[in-house]
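Can you make the complete structure from the sequences, with help from the hints?
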Amino acid sequence: MDNKNKNDSKNYRPMKFVDQMERNKHILLLYDDQKYAYWIVGRYFHYGFAKGESCMFYTSDRPEIIEKHLSAGGIDVSLFKQKNLLRIYGIERSDDNKHNIPHALNQIREEYTKDMKPPYRRVGGTITDVQTIDGIRFNILLEKAGHQHFDEFNYSQICYYDISRIEPTRKHEWISSLLRNHHYVIYASEPNKAVAFETALLEQDDK
Amino acid sequence: MDEITNDEDSVAKPTRVQLRSNLAYDKLARYLDELENKKMIIQSPLLITKKGRDFLQDYDRISNFIHEMGIKYLDIPLDEMRGV
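Quick mapping for you: the protein sequence lines, in order, are chains A and B.
Under our numbering, the residue at position 150 of the first sequence is numbered 150, and the numbers go up by one with no gaps.
The number in our numbering is simply the position in the second sequence, starting from 1, with 207 added.
Derived by calculation from the structure, the hints in this document are not laboratory data.
Note that beta-carbon positions come from the ideal geometry of N, C-alpha and C, so glycine has one too.
Incorrect hints may have been included.
[Unchecked claim] Sample of chain B residues facing chain A (criterion: CB under 10 Å; computed from the structure):
#, residue
1, Asp261
2, Asp265
3, Phe272
4, Ile278
Shown next as C-alpha cells:
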C-alpha cells in the first residue's frame, strides 16, 4: 500500500469501529469496491494478530490472490503463516456439496481451525452463488443457522458480500435478511459513504 | 442535537435550541442531560463534542445506507417478507 492509500485507510471511517468490535461477533461486510473491503479485512486481521488471535480466510478465489491483497495491506503473510496464526483456505467453487447445513457449519467451525489457538478471527463466504434466487436463499439459510448458535463458539467472523452481485430483483429483502442474521454491519464504500454499526439499531423500539 | 450544531455561533443558546426543537423545557433538559452523560455535548456553555459530531455524521451515513439499500426496520414479521 502506498503512503497516500495508507493514510486514506487510516482515516477511513469504519476502521475505528473495527478496532472496537467486541469478541464473538458475526459481522456482515457489504462492499461495492473490493479495495475498501480489503482495507477492512486487513485491519481486522492486523488487530487480531496484535492480540495474539488466530486469523483465517476461506475463499473460492485462489488463496494466492488473497495473500497478495493482504500483503499489499501491510500484513506479513509468510511470518504469520509460519507462526500458525494465519490460514487461507481455498473452498470449492461449486456449491453442490454444501447443502448439508450442519456439515457445512461444522467444516467452517472445526476443520478450518484445527490445531490453531483460540480465539479465532475469520473471514469468508461459504456459498459462492449469490446471484440466483436459490443461491442467495440457501446462503441466508446458512447464515441464519450459523447466527442462531453463534454465541456458543469462540470466534468472530466477517461474512463478505459484493452488493453488485446479489440477486437484484429482491435485493432489499436479501440484504434485510442478511442484516437480521448478523450483529454488526460494515458498509465498505467510498470514504464519504462508508459506515459501520450494530444491526440492532435497525430494530424499532416503540412497538 | 442537530439543533445545537445548527446554531450560528459555536456556543448554542438553550432557549434557541428549545425553540428550534419544539420541546418543553423539562423534556429538553432531560435530553441534554442524557447527551451530556453520553459525552456528546457539554452543557455550560452548550457545545457539541467531537463524539457528538461523529455521531451525527454516522447517523447521516446510516440513513443514507438504509435509503440506498431500500430497507426499513429489521423486526418486520417474517411472514411479511418474501426473503428468509
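Item checked: Hints not upheld, ascending by number -> Hints that this structure does not satisfy do not exist here, as all of them hold.
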